[in-house]
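*Asks:* Chain by chain, the residues run as shown.
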Amino acid sequence: MKSFVREFITQSRHVTQELRHRQLIQTALGKYEVKRDEKKAAFQNWPAARQAAAETKWEAINHLDQHLTDFARRLEARGTVVHWASTAETARDIILGIVRDSKARSIIKSKAMTAEEIHLNDALEHAGFEVVESDLGEYIVQLRKEAPYHIVFPAMHLTRGEISELFARELGSAPTESPEELTMIARRALRQKYITADVGITGANFAIAETGMISITENEGNARLTAALPKVMITLLGIEKILPRLEDLALFLPMLATAGAGQALTCYNSLYGGPRQPGESDGPEQYHVVLLDNRRTQLLADPEQRDALHCIRCGACLNVCPIYRNIGGHTYATTYSGPIGSVITPHLRGLQDWKHLSYASSLCGACTETCPVKIDLHHHLLQNRRNSARQKPSRTEKLTFKLAAVVMNRPRLYAIVKKMARLFQPLHKLVKGSRLDPAYAWTQTRDLPTVPDQSFKDWWRTRA
Amino acid sequence: MSAASYYMTITLFIPCFVDMMYPKVGISMVHILERLGHKINYPEELVCCGQPAFNSGYWDESRTVATKVLDRLKDAEAVVIASGSCGAMLKVFYPDLFAQTPQAQNAKNLASKCYEFSDFLANRLGVTDLGARFPAKVTFHDGCHGLRELGNKKPARALLAKVRELELIEMKDAETCCGFGGTFAAKFPMISTAMGEVKCASAFATGAEYIVSNDSSCLMQVQGLLDRQKNPVKTIHLAEILAQS
Ligand code: SF4
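Residue numbers (numbering that gives the first Met the number 0), protein chains in the order written: chain A, 0 to 463; chain B, 0 to 244.
Derived from the structure by calculation, the hints contain no laboratory data. Predicted model only: the values in this text are computed from it and were never measured. Heads up, a few of these hints could be off.
Unchecked claim - Just so you have them, the derived chain A footprint on chain B, three or more residues with Cβ under 8 Å:
(1) 7-21
(2) 60-66
(3) 159-167
Quick reminder that beta carbons are idealized off the backbone N, C-alpha and C, glycines included.
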């Protein structure tokens, strides 16, 4: 059996020691923080905006059934085919079916984390279709045959030099360090693909129940082309993307741009409500919307952590997370990385397999502090820990804590343990930092403080 | 030195690692509070708030320890906790831990009278100038629990601002976690270490001679790394500075 935790530990050990990676990510996210703060300051009242957003999402998620049916009904009224997929497999089958029915050969895709979640590209390629990612960052990681490093900045871990090398190798372009030229190289390669693609697949940022519309926000215009050029358009989205009203976008679009990328507003914001209508000159002939559950309803059934469905996938919690910043996105080995990934992956993919992500946190709370929709992220990590220990306690740990409780609750015993610690301290020097050291986990990289002769309690007693 | 308008009996909660490894922190607190005229009560039998078990998911075992704390502190007038992290445990997490148990109300009552040391001085007693003198350049590390669970950003700085001859140089990312995180430091030592190294680097960049915090657990992490790196920068608890004259 593959051990996800072992893999995680090996990878973290490796990445945390790569100082170049550390530098790259710290610098990139340091710049993000400056821009984010600038844009946050442009809000009249950021805390109030967060509160309003949290309340709106609360309403959306707590009446999800109603909103989803409204959303679907309104889309269908304009000729959209709405599909309900309870699992990743169903979603893949639905999409494969649409692609086959339309006799497609090549598919162009814009950014969709849900597609990563259901491993859509693999399924399509396996069935013989060519899929090309049109978002620049996604295109880069696709060429590298890698998963996105970050839910918003998929290729953040790469330098210009590395991208240039990749393009030279894969696309035969001349090496360049200029971001503009690199973009042009990708654009030239991609334009051709848009024209020949038979099907366009997009994700969604929001789903508006009131009007039955999909909102997509992007900086490159690639999602627009993906939606506009091919005959058939498919949008795949998680059911939690619902916003009740169109006017909610007035808050959520700038908020997503601010928290996600330190932008006042993302460059292109589009709404899609159906296929080409009679009398319209462009747009796809067929429009399919695939609503994905994939265990989201289980999360919905958990009153403690239901708010994790508020997530608008802005990535802000990843950006501020000191764990993420040190281990990087790939180490998580999940679709959703960072704090939100650590919270929801155990729900989406099994608690026992993924609980280590909830333990791999210092619980500093930087994520919760930054989350624009106020998800109680780090407390959910605590709840995941509690749930996993309840469901399947580790015998040694349970025993340790039981014993510790006995010692802590008995002053005499505690005094003896204290004395022993002091006695063993000189001996500890002999093994300190070596594999024989019982405190190796600490001492391999850090010194321990010297235990003074007089404890606080000893001192207190001298005064009595 | 200004004194509070009335004198109270303050119960000190000294967690195990402060008792054993950082007795000076507790001693400084006693001196400071007594100098302000208050009476100190120290329940010797309380050594642990139950946080390690709680954070590891073993809530039943945590409750075994925490119940004793609850019972013993029931009648306290005010409880001052010598660590932001243990403070957060008593003040924020006990109500969660005891929710839907017969102790729920007790936990809430206790929460309302618990204070981290700097918060107690600045906000409860309204004292910031303790007449301390500490001729050095220092930088302040915000312990995450004190900062985010308890919301204490200002008290420590207000207190440091009044220390004679002390120069506070804020570091970049003062609010970033030092990587200690309790059992996390032992379970994921490589991640914890990397985080600590980033922290030490920001602190070092200020040119400060001391890294100050109101949580000895963070300082244990930071000092442990500094010592290993043979870095001459020292760590010191806020209470120790405030007790200097
Ligand atoms: S949990 Fe919050 S901060 Fe993290 S991605 Fe989702 S909305 Fe953004």
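*Asks:* Now look at each hint and say whether the structure bears it out.
*Replies:* Status of the hints after comparison with the structure:
1. For the region 7-21 of chain B, the assignment as covered by chain A holds, since 7 residues bring a beta-carbon within under 8 Å of that chain's beta-carbons and 3 suffice.
2. Figure legend: the region 60-66 of chain B, annotated as covered by chain A; annotation consistent (4 residues with Cβ-Cβ distances under 8 Å, at least 3 required).
3. Residues of the region 159-167 of chain B lying with their CB closer than 8 Å to a CB of chain A number 0, which falls below the three-residue condition for coverage.
Consistency with the previously given hints fails for number 3 only.
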